[in-house]
Each structure stands twice: as structure tokens, then as C-alpha cells.
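Going line by line, the protein sequences match chains H and V.
Note that our numbering has the first sequence beginning at -5, numbered continuously upward.
Note that our numbering has the second sequence beginning at -5, numbered continuously upward.
Certain hints may be false.
Here are the computed lysine to aspartate or glutamate pairs in the EDC-like style, where the Cα-Cα straight-line distance is at most 20 angstroms [what the hints assert, rightly or not]:
hint: 1; chain 1: V; residue 1: K62; chain 2: H; residue 2: E136
hint: 2; chain 1: V; residue 1: K129; chain 2: H; residue 2: E73
hint: 3; chain 1: V; residue 1: K129; chain 2: H; residue 2: D37
Pairwise CB distance ranges, derived in the manner of DEER restraints [stated by the list, open to error]:
hint: 4; chain 1: H; residue 1: N42; chain 2: V; residue 2: K97; range: 38 to 46 angstroms
hint: 5; chain 1: H; residue 1: I22; chain 2: V; residue 2: K97; range: 39 to 47 angstroms
hint: 6; chain 1: H; residue 1: I22; chain 2: V; residue 2: A(-1); range: 36 to 44 angstroms
hint: 7; chain 1: H; residue 1: K13; chain 2: V; residue 2: K160; range: 53 to 61 angstroms
hint: 8; chain 1: V; residue 1: E193; chain 2: H; residue 2: L206; range: 49 to 57 angstroms
hint: 9; chain 1: V; residue 1: G194; chain 2: H; residue 2: L206; range: 51 to 59 angstroms
hint: 10; chain 1: H; residue 1: T204; chain 2: V; residue 2: A168; range: 42 to 50 angstroms
hint: 11; chain 1: V; residue 1: A(-1); chain 2: H; residue 2: A168; range: 52 to 60 angstroms
hint: 12; chain 1: V; residue 1: K21; chain 2: H; residue 2: G72; range: 34 to 42 angstroms
hint: 13; chain 1: H; residue 1: S58; chain 2: V; residue 2: G200; range: 28 to 36 angstroms
hint: 14; chain 1: H; residue 1: G194; chain 2: V; residue 2: R201; range: 46 to 54 angstroms
hint: 15; chain 1: V; residue 1: A168; chain 2: H; residue 2: E94; range: 42 to 50 angstroms
hint: 16; chain 1: V; residue 1: S184; chain 2: H; residue 2: A168; range: 37 to 45 angstroms
Calculated from the structure, these hints are not laboratory results.
A virtual CB, placed ideally from N, CA and C, is assigned to each residue, including glycine.
There are 2 protein chains.
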Amino acid sequence: MAKLADFISNVTLFKGLPKEQIDKLSKIAVVHGYRRGEEIFSDGERANGLYVLFLGRVKIFKLSSEGKEQILHIIEPGEPFGEVAVFSGKTFPAHAEALEESKAIFFPRGAFVGLITQDPYLAMNMLAVLSGRLKYFTRLVEDLSLKEVPQRFASYLLSGSDLKDKRQVHLNIAKGQLASLLGTIPETLSRILGKMVSEGLITVQGRKITVLNRDALEGIASGRKALI
Amino acid sequence: MAKLADFISNVTLFKGLPKEQIDKLSKIAVVHGYRRGEEIFSDGERANGLYVLFLGRVKIFKLSSEGKEQILHIIEPGEPFGEVAVFSGKTFPAHAEALEESKAIFFPRGAFVGLITQDPYLAMNMLAVLSGRLKYFTRLVEDLSLKEVPQRFASYLLSGSDLKDKRQVHLNIAKGQLASLLGTIPETLSRILGKMVSEGLITVQGRKITVLNRDALEGIASGRKALI
DNA sequence: CGTTCTGTTGAATACCTTCAATTCGCGTGG
DNA sequence: CCACGCGAATTGAAGGTATTCAACAGAACG
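With these hints in hand, go ahead and build the complete structure from the sequences.
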């Protein structure tokens, strides 16, 4: 299990922990595999621990009574999920499903809480993770309530092409899933993509989007400009 | 300052802490007063600590570029606020403003973090607080994205009249503020109230709302029924 | 008792969704 | 290697919910 301990020591949540703690964590860890589309846990289900994604991609989402879905998070390898239920309430507050073949490490609640109370460093890391999530949700609420869909999409695009002014953005999820993440439906997103293309702001080839006019996109993201 | 220590020991965040810790907390605490409408901190402002509300009522909110507001939270006495910035990033993720004459206890970041690393109990309490907030936001996102305004309002009403089947709900904030909390505007809320009254579901006298037909409201809250 | 903020009501509009019909893309199997 | 089939994506037309703008009524406060 050297490989597992190795991975664990590189997870942000566990960064900076002494080797001894990493070993303890490895001992209580259980690895689960999931196929594309498989449910990991469901909203309201009793929670007995938390997960850290090892491989693949997982979506955390809510479902309406009519079956419409709102994605809260796309989890990437190294990120924890299902952590809320460990510290408050005893049930998961949303659904989790593998978007592709995935592996996740499961940490049973009791043992994990034990480690946290013994290691202030781990506690601080966990507090940082939860705070980061809260900040993210704050922005999500802001987007859903105060911005229109083109604004949200423009922000999404720009945040994905932030680093080293690369113009190419490769969507890591299907367009329909992106729509759900942006709080809309595939049709609406498709129309917005179409408009942006016809205005010369971007080009789209499957999941590959090229930003042609960054300034205009920033104008839309900030609400200063609108799509025609 | 016996009174302050007394209050602090009754705050959920500090529940179960030994007297010694409470004393330390009292020593690093600073009390601030705010008048109605006064800003406590603003979005993006550098954060040097967290607050616990002592008296009054505080709204945590986001503003759009056009000035529309979305309330994230109404803080009641005993609740902490501004805590996210202590553990992640260094700036407040939203605005805070006193809705009425208020007093808040301020805990400087460094000293507070020091106490947390010394007391696992305090750390666990803080984790529980953050998790609770996350759960709350999960529901807020769900409401904004997957439910219509009448549904949100019906849920709000019912959660306010939950205990001991009391039919009277007294709004603790102005209707305009409630609209902002529900992710809409005063006009829309007013129309919904009007419809519910004319359908005989409720009566409204200022801030006093009486539930006449709980079943119908539950139908609306769950999305099974609609308003005419 | 007047001024100001809060709440209400109406008409027009905007944005997004719904529904339905195609088209595209891709993996599977012949 | 090509054809088939199925889910994903696109496009059009119609409809619905909420917002905007504007005017007015009412409550709160000094």
C-alpha cells in the first residue's frame, strides 16, 4: 500500500501531515471503484464517512421533484467529497455519481474524527477545505441569483483559460453537464454558444473552445455588455 | 466582563469548552456596536478575524453590478459570521450590514486560530458550524436553481411555523428583505402574497402571517401544486 | 403632520424553458 | 471498413415566470 500512502500524502487535505499520521490514514482507508454513471451516494442517505477522489471525475448534484438536476461541484482527483455529513447531521446533503470510471478512497467517520482531534494540523486543513467550499458556494449563489446565463458561461470560460493567457479551453465534461453546472439546460447553453460564435467571440469544435475576443467575453462576464 | 464570558459560554460555537478557554476567549474579544444600516464589512475587504453576534440582527449579502442584492444569511444573536475568511483566503466573501441596532464580538484571527489548534473541541465545533453553513447553502442553491418563487416562499413559511403547529408566523425582517433572501424582488413577493391570500391559504397583516391551509402550502412547497 | 421609506398594483418586456423535430457524433457489431 | 443505433447536441416556435418601469398607497418616524 505504499502507493496509496504516496497518493494520500499529496492530497491537499493531508498536506503537511507527519508520516506517522499518513500511515494511520492509510490504515483506515478503503478504496472503492465505480463505473461511469454509477451512484456513489444519494441525497439524504446515511453517511458513515468521507471520500477522497483518487481517479476519475465525480459530480455532486441536487435533483428537483421534476427530475431537473443542478450540479454543485465537479470533483477532481485529490479532492474530498461527502465531508459535510461527517461534521453536521448524519446524512449526505446531495447526490454523488461517477462521471467516468473512478476510484475513491473512503475514510470511516469515527476513525477520521479521531485523527482530527489528535492533529490540529489536520483540523486546520479540514477547516480550510470547508471554508473554500463555502466561498465557492457563495459565488454559485451569486451567479444563480444575480447573473444571467451568458454571464455565468463567460465567467466559466475565462476562469478556465486564466493561466498563461491560453486561448484554448477544453471542457472536461459534456455540454449537457456544463449546462447543469451553470444552472440551465442544454438548449439554452447551445443557443448561447451559437450566439457567441456568430459574434466572433469564440469558436467551438466539440469540447474544444477557442477564445477569439477575450475583452468582449470579460465585458459579458462582468455584466457590462450583453449578447445580441 | 463576567457578562461577556457568560454570553460566550452560551454560544453554540463555544459550547462545551472548559472555563479556562472561555476566559482566554473573553480576553481576546472586542465588542463593536453598529447602528441600523451600518456596514460591518464589505465583499473583498481584508479580514482580520471573525465575529459573533451579541445583539441585534445582521444580513450577509452579495450585490450585483446593477445593485441587486441577494441575502445569503440572516445572522441571529449567538451565531458567528465572517468566519470563512479566517481559514481560507484573507478577504470576506460577502457584505455584512446591521439590520437593526446591533452589537458584535470580534475575535482577532491569530489569537483565535491559536486557540483552535490548542483545543480539538473548539476545532470540532468550528467544523460543525462550517458544515452546517454548507448544508444551508446547498439548500439555497437548490431553491434558487430548481424551485420557483412560490415554492421557496411556501417552504420559508412552513419552516417558520414548524414547531408546535402554530399557525402564526411573525416575519423577523421586512418584506423587501425577505424577497432578497428568497432570491427575488419585492414586487414579485407581493404578488405571490396577494395570490395566496385570495386563494385562502394565508392572511397577512403587516409582518404577521397566518397560515389557513397548511396542506395546500405543503403542496406548493413540494412542487405538487401551483398557484393560480 | 409632513416626509421618507416600504409595500402594492398594472402593463409591457425579457429571459429562459418547454416541446418537438432534426442532426451530429461515436461506439458497436456485422 | 462500413453501417447501424443510441445518446448528445442543435434549432425553431410557443409559452410561462419573473423582472422592469412607473405610479400610487400606506406605514413609520421624527
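(message) Please check whether K13 (chain H) and K160 (chain V) have a Cβ separation lying inside 53 to 61 angstroms.
(response) Since K13 (chain H) and K160 (chain V) have Cβ atoms about 57 angstroms apart, the given range 53 to 61 angstroms holds.
(request) Given the hint of 46 to 54 angstroms, check if G194 (chain H) and R201 (chain V) actually sit that far apart at their C-beta atoms. (result) Holds, at about 52 angstroms.
(message) Given a hint of 39 to 47 angstroms, does the C-beta separation of I22 (chain H) and K97 (chain V) actually sit inside it?
(response) holds (44 angstroms)
(request) Verify the proposed pairing of K129 (chain V) with E73 (chain H), using a straight-line Cα cut of 20 angstroms. (result) holds (18 angstroms)
(request) Note whether the CB distance of S58 (chain H) and G200 (chain V) lies within 28 to 36 angstroms or breaks it. (result) holds (33 angstroms)
(message) Verify the CB-CB distance for K21 (chain V) and G72 (chain H) against the hinted window 34 to 42 angstroms.
(response) holds (40 angstroms)
(request) Mind checking the alpha carbons of K62 (chain V) and E136 (chain H) for me, to see if they're no more than 20 angstroms apart? (result) holds (10 angstroms)
(request) Starting from the hint 42 to 50 angstroms, judge whether the C-beta atoms of A168 (chain V) and E94 (chain H) obey it. (result) 48 angstroms Cβ-Cβ, so the 42 to 50 angstroms window holds.
(request) Hint says 38 to 46 angstroms; check whether the CB-CB distance for N42 (chain H) and K97 (chain V) agrees. (result) holds (41 angstroms)
(message) Quick check: does the Cβ-Cβ distance between E193 (chain V) and L206 (chain H) fall within 49 to 57 angstroms?
(response) holds (52 angstroms)
(request) Take the C-beta atom of G194 (chain V) and the C-beta atom of L206 (chain H), compute their distance, and say whether it sits inside 51 to 59 angstroms. (result) holds (57 angstroms)
(request) Starting from the hint 52 to 60 angstroms, judge whether the C-beta atoms of A(-1) (chain V) and A168 (chain H) obey it. (result) Holds - the Cβ-Cβ distance for A(-1) (chain V) and A168 (chain H), about 56 angstroms, lies within 52 to 60 angstroms.
No hint from the list above goes unmet by this structure.
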